[in-house]
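Model the placement of chain B on the given structure of chain A, informed by the hints.
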Amino acid sequence: MSSTLVLPGDSIPLPSSSKSVILGPGIAASSSRIQAPHMGTTPTCISTRLGLLSSLKGKEKSEQVWVEGSSKRYIPAQKDMVLGTIIAKHAEGFRVDLGSAHMASLEGLAFEGATKRSKPNLKVGTLVYARVSLANRDMEPEIECFDPNTGKAEGFGELKGGLMLTCSLQLCRHLLNPNFPLLPALAASVPFEIAVGLNGRVWFKTETVSESIAVKRVIEGVDSGEIKAEKKDVENAVKEYLA
Amino acid sequence: MVREIDPPTIQKDFLLAALAEGKRLDGRIPLEQRKVEYIFGEELGTVECRLGKTAVLAQVSASIVKPRDDRPYEGFLLINSEIGPMASSVYESGRSSDSEILITRLLEKSIRRTEAIDREALCILAGEKVWQLRLTLHFLSDSGNLLDCASMASMAALRHFRKPEVEVIGDEVIIHSPEERAPVPLAIHHTPLCLTFAYFENLPPILDPTHLETTLCSGTLTVTMNAQREICVLSKAGGTPLAAEEIMGVVTVGVERVREMVKGIEEALDTDKEGRVVEVR
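Here the protein sequences come in this chain order: A and B.
In terms of the UniProt record's numbering, the first sequence has 111 at position 111, counting the first letter as 1, and numbering is strictly consecutive.
In terms of the UniProt record's numbering, the second sequence has 97 at position 97, counting the first letter as 1, and numbering is strictly consecutive.
Here chain A stands alone, though its shape is the one from the complex (with noise of 0.2 Å):
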């Protein structure tokens, strides 16, 4: 994993032996072509904010790129997977808030067996899980609970109980890489649910409220620095916060 600084506006360099790069957050195609007129018509690719510049190989010789910065402040983006609260109701769906700018809309036929009859009836204040289906500049986000390959609901949809924490956008990310040793660890200690949406949101679900309270601690203790993101620490927190 290379890790360069990288600056809002600073060219990034793009590694050519991949065959497909997909740009992550943090990293725009620049249309502008006059700061270097020697390379031709090339795109270039800029960077919008402020972190390290991380790379990642994926199967097919495809790689990833995306700038790591501590943010709290969600931009949508689409494909991502957010947690979202309903704030309003209208005819067509629902407004739902992810954290961000703009409210995003969900529509009400975006849900697993949705018919124009049978839609579901979620009531303001509602937790749901969704993934990000349209996200542009100008224009209001949109989502939806279910995956519009199969239809069906794939894990989204409601989320009934439980507690919600808000944590960094770069812990949620984390939280999503299979080899972060925090959640493995947790679950050596504590049988949990868990939707992690990186708009910076993780719901969680347990057996009793005091485990609840527990997960939430260690999170957000590993989120200040406060508790090493090791298999060790971790647990030796659990242990003391259930005690």
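Just to be clear, a hint being listed does not mean it is correct.
Under the rule of at most 20 Å between Cα atoms (straight-line distance), these lysine to aspartate or glutamate pairs were calculated in the DMTMM-like manner [claimed, not checked]:
id, chain 1, residue 1, chain 2, residue 2
1, A, 205, B, 42
2, A, 160, A, 112
3, B, 273, B, 120
4, B, 35, A, 235
5, B, 53, A, 112
6, B, 273, B, 42
7, A, 89, B, 4
8, A, 205, B, 43
9, A, 89, B, 6
10, B, 53, A, 220
11, A, 123, B, 42
12, B, 53, B, 4
13, A, 72, B, 4
14, B, 12, A, 112
The hints are simulated quantities; they were obtained by calculation from the structure and are not laboratory data.
Chain B in isolation, oriented as in the chain A frame:
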């Protein structure tokens, strides 16, 4: 004012379930305060107080002005407290919200109206020159209970501050710079501190509510007390009605807590004093 989005309903359900078991979301017991931390600035009278993730910076400065004609022996204490968008995105600069006015007024009541500072000791030359103290509060981060944090920061800053030594010869006033003569601390009568309790229906009250707890509670009660067991201010703005025994209950708890808090301020001031050179070398 930007309306804050209500937290999801599951947050409320969980919070109430946890409180029914006597537990709070950050692992505290109902009548426990978050961790208090004081960070003293380079100058005298600059203190940042942190209560969990809530942070308030207090600064005290002094200038010499002419007193009011009807009170020639009294100095002034001005409190500037404006909550800007730095604390939280729900606060707008220039326009003050209800909660902001409430915080400002309560601070005014608990620090100025309780005569925490001896204002007559601020007199330099009767009818001519008095000290004017300006207490500026910067609300850095709002994670609930800004008021308690602000009151602790204010009192710590006032006790930390020292005004330059003044000498009066006849009609002439000489102000000695800190290099010449050691500056003198303010005359402080007592240290009133605010304590905020939040109430939930059919549940015992909790001390030092976080942001989530404040949004979900059915009412709050703020008492300002000092270490001499005196109630200086009692404020209950709306919310569910309370029985007299309930109020007496929190007051008895408050007496103990305020003593600990004053002790905390004194310990922090002592630690700071050890590492600071105020005396003339």
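- Given the hinted pair residue 53 (chain B) and residue 112 (chain A), is their alpha-carbon gap at most 20 Å? Not OK: residue 53 (chain B) and residue 112 (chain A) at ~41 Å, beyond 20 Å, violated.
- Would you mind confirming whether the straight-line C-alpha gap from residue 89 (chain A) to residue 6 (chain B) stays at or under 20 Å? Holds, at about 15 Å.
- Proposed proximity, residue 43 (chain B) with residue 205 (chain A) (alpha carbon, max 20 Å): violated (48 Å)
- Query: Does residue 72 (chain A) pair with residue 4 (chain B) here, judged by a C-alpha cut-off of 20 Å?
  - Reply: holds (17 Å)
- Is the straight-line distance between the alpha-carbon of residue 89 (chain A) and that of residue 4 (chain B) 20 Å or less? Measuring from Cα to Cα gives roughly 18 Å; hence the hint holds.
- Query: CA of residue 273 (chain B) to CA of residue 42 (chain B), is that 20 Å or under?
  - Reply: holds (12 Å)
- Take a quick look at whether residue 205 (chain A) and residue 42 (chain B) sit within 20 Å of each other, Cα to Cα. The hint is violated at about 46 Å.
- For the pair supplied as a hint, residue 160 (chain A) and residue 112 (chain A), is the alpha-carbon distance within the 20 Å limit? Between residue 160 (chain A) and residue 112 (chain A) the Cα gap is close to 17 Å, so the pair holds against 20 Å.
- Query: Do the alpha carbons of residue 12 (chain B) and residue 112 (chain A) lie within 20 Å of each other, as the hint requires?
  - Reply: violated (28 Å)
- Take a quick look at whether residue 123 (chain A) and residue 42 (chain B) sit within 20 Å of each other, Cα to Cα. Not OK: residue 123 (chain A) and residue 42 (chain B) at ~53 Å, beyond 20 Å, violated.
- Message: Between the alpha carbons of residue 53 (chain B) and residue 4 (chain B), is the straight-line distance 20 Å or under?
- Response: holds (19 Å)
- Query: Regarding the pair residue 273 (chain B) and residue 120 (chain B), is the alpha-carbon distance no greater than 20 Å?
  - Reply: violated (26 Å)
Checked against the numbered hints above, the structure breaks hints 1, 3, 4, 5, 8, 11 and 14 and satisfies the rest.
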